[in-house]
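Q: Work out the full structure, taking the sequences as your base and the hints as a guide.
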Amino acid sequence: MQVKQKVYELYKGTVERVTGPRTVSAFLEKGVLSVPEFILAGDNLVSKCPTWSWEAGDPSKRKPYLPPDKQFLVTRNVPCLRRAVSLEEEYDAAGAEVVLGDDEDGEGWLATHGVQASKQEEEEDIPSMDTLNIGKTEGIKSIPSYFNAGNKGEEEEEDIPDMDTYEDTGNYSVATAQPSYFVAEEPEDDNILRTRTYDVSITYDKYYQTPRVWLTGYDESRMPLKPELVFEDISQDHARKTVTIEDHPHLSAGKHASVHPCKHAAVMKKIIDVLMSRGVEPEVDKKAKDSVGRPTKADHGANNHSLWKDLYMQDVC
Amino acid sequence: MEAAAARPLQVAAIGVCAETGFWDSLRRLKLDVLGTDDSPIPITGYYTPRQYEKIASLFRICPESILPPSANSFGDRNNCPVPGTLLNTNNMRGFQNLDRALILRAEAKKILHDISSGNVEENPSLLLRFLVISFADLKNWKVYYNVAFPSLVFDSKITLLSLKFASSALSQEEVTSLSKAFIEWRKSSETTVVPFFLINITQDSTATVRHLKDWKACQGNGQKLLFGFYDHGNRGFPGWALRNYIAFVSLRCKIEKVQFFCYREKRGHPDLQQSLIGEASFLAPHGWDAPDYVPEAIGWEGETIGKEYKEMKPKEIDLSSINPASQDEEKQ
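From first to last, the protein sequence lines stand for chains G and F.
Each residue of the first sequence is one higher than the one before, starting from 1 at the first, in my numbering.
Each residue of the second sequence is one higher than the one before, starting from 1001 at the first, in my numbering.
These are computed hints drawn from the structure, not numbers from a lab.
Quick reminder that beta carbons are idealized off the backbone N, C-alpha and C, glycines included.
Hints may contain errors.
Covered stretches of chain G (in silico footprint by chain F; criterion: 3 or more residues with CB under 8 Å from a CB of chain F, positions within the stretch not fixed) [what the hints assert, rightly or not]: (1) 73–79; (2) 250–260.
From chain F, some residues computed to sit far from chain G (all C-beta separations above 10 Å) [claimed, not checked]: (3) GLU1173; (4) SER1177; (5) GLU1184; (6) ARG1186; (7) ILE1201; (8) TRP1215; (9) LYS1254.
A: Below is the structure:
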């Protein structure tokens, strides 16, 4: 396995060195992204979703075909409140998939949970990566709802917490005997204890001519998460298959989980075709105005790469 | 939510994420340049206001951190550069024998000096100055470390008079105007990395965000003046940064009561629903303006009241993932 991967990386590296970067758009024909399109889409992501930034990364790993200060995109400290395994259990318990009603923009999302389960999620208002469950269509719902904040402003379902509940953590009383300062500890809330965080980055894969998503995990005490623990946050159907642990192309240290880009362009092409058949011409830096393609259960690849679609087609904010 | 009575001010500690990449940079610096030289190294940390509702934002120490802010061009709205000091010892005994109380006070002294000299007005992030002590056990690919955010201790308690969510403390017009002003402040690459600022609200509800150095011009004209800062926290406590900020207000502005604004974001946009507005009162500390005064300080991460510093457990990070030898082993 390891040797095979090594040989493959060597091959890929050689091809990348001898071929020039794509400069002409083939987005509509093949679902791939040229370098200028990647930068355009990235600029748009950064301006609409300001938790994302362009970064230069390790200077020794700089790719000459990308601007020095725009080597890759990153957003950090994204909370992941529950493990994928527990979500999958819930998924099984909840049963059927449901299509969430189209909203005003004409967007509908396929939810893997029953109605009850999705209600519960709204209450929790889990911001973003609940979860990194790339495999299940759950991911389709949660990631866009994260990005949606960009143009929808305050979300209506927002549950504004009451200040009283903050103080009802039991820690408060501890402080009375202490001096004028207080180091507010996290409450011993089950939810908080299980909160891992992830740095999510998007790089440009020159070989596949597509963006590539990377995940760097941290545990509850903000220490780097071992790769095998990262897999707890990825559906078991995809861990070690479409999601693998590799060296990051722009960061020097540590191993990072990544969604393998091999099927990305094909899936993009499928989505583009659906859009085109509905009379919508997708653009890399514009939000599709009409409905987006709804991956079905049969379209397993699309489920897998729905995350990409959102990031890449700028259906992100 | 409505604060019942005045109470001692409590603040939320800052959590640190020291990335593997930072220790790798230190490893390389030590092997290539430092050798056994264990003098303090000026470094840069990265601070950001809270970005997601559920969790506080973290203070980042990353590969770029190995350089001081003066030699480091990295910084953006999600990474406000803050100066810090790294003390890396050559062995475990050296690490354990560091006088944590003393070095913390020395850093606090720098903060006090920066306040009284006016440096803070020019570069407000000096108020967030941090300290890292470490023993990089390169033979075994392990690092033991602790981080502190030195905070000046007042003679008497700081009293919190009120604390409210910004949206309930301000009128709707003020909220709208202030949101706009924040979006501008965060948009400009020059101001977005400045974590302390002033908020001026006129009688016709127009809000502006201004540089800290304008505090004299903003005072006493009947307008509302709030001392704002990027708050890393996500709960009903102001963030740690407020403590040194109050020291600044006390020492420079010579006032004994301050209205402060804890700025928080939601997914990168101003969140005035969960930003906090509060009022605190305090007595001017004695002796701070004497040139040789060394202030009392607190701020070690994980520090608990009443425990000796020596009992403080070091954090431990395993670097074996960047050890080329271990990667070869894996492959066989």
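Q: Does F/TRP1215 really sit off the interface, with its C-beta more than 10 Å from all C-beta atoms of chain G?
A: 24 Å, holds
Q: Are at least 3 residues of the stretch 73–79 of chain G within less than 8 Å of chain F when you compare beta carbons?
A: holds (count 5)
Q: Has the stretch 250–260 of chain G got at least three residues whose CB is nearer than 8 Å to a CB belonging to chain F?
A: n = 5 at 8 Å, threshold three: holds.
Q: Would the non-interface assignment of F/ILE1201 survive a Cβ cutoff of 10 Å against chain G?
A: 21 Å, holds
Q: With d taken as the least Cβ-Cβ distance between F/LYS1254 and chain G, does d exceed 10 Å?
A: 20 Å, holds
Q: Does F/SER1177 really sit off the interface, with its C-beta more than 10 Å from all C-beta atoms of chain G?
A: 16 Å, holds
Q: Could you check that no beta carbon of chain G comes within 10 Å of the beta carbon of F/GLU1184?
A: 13 Å, holds
Q: Would you check whether the claim that F/GLU1173 is not at the interface survives, using Cβ distances to chain G and the 10 Å cut-off?
A: 17 Å, holds
Q: Beyond 10 Å on every Cβ pair: is that true for F/ARG1186 relative to chain G?
A: The claim breaks: F/ARG1186 does not keep its Cβ more than 10 Å from every Cβ of chain G (closest is about 7 Å).
Checked against the numbered hints given earlier, this structure breaks only hint 6.
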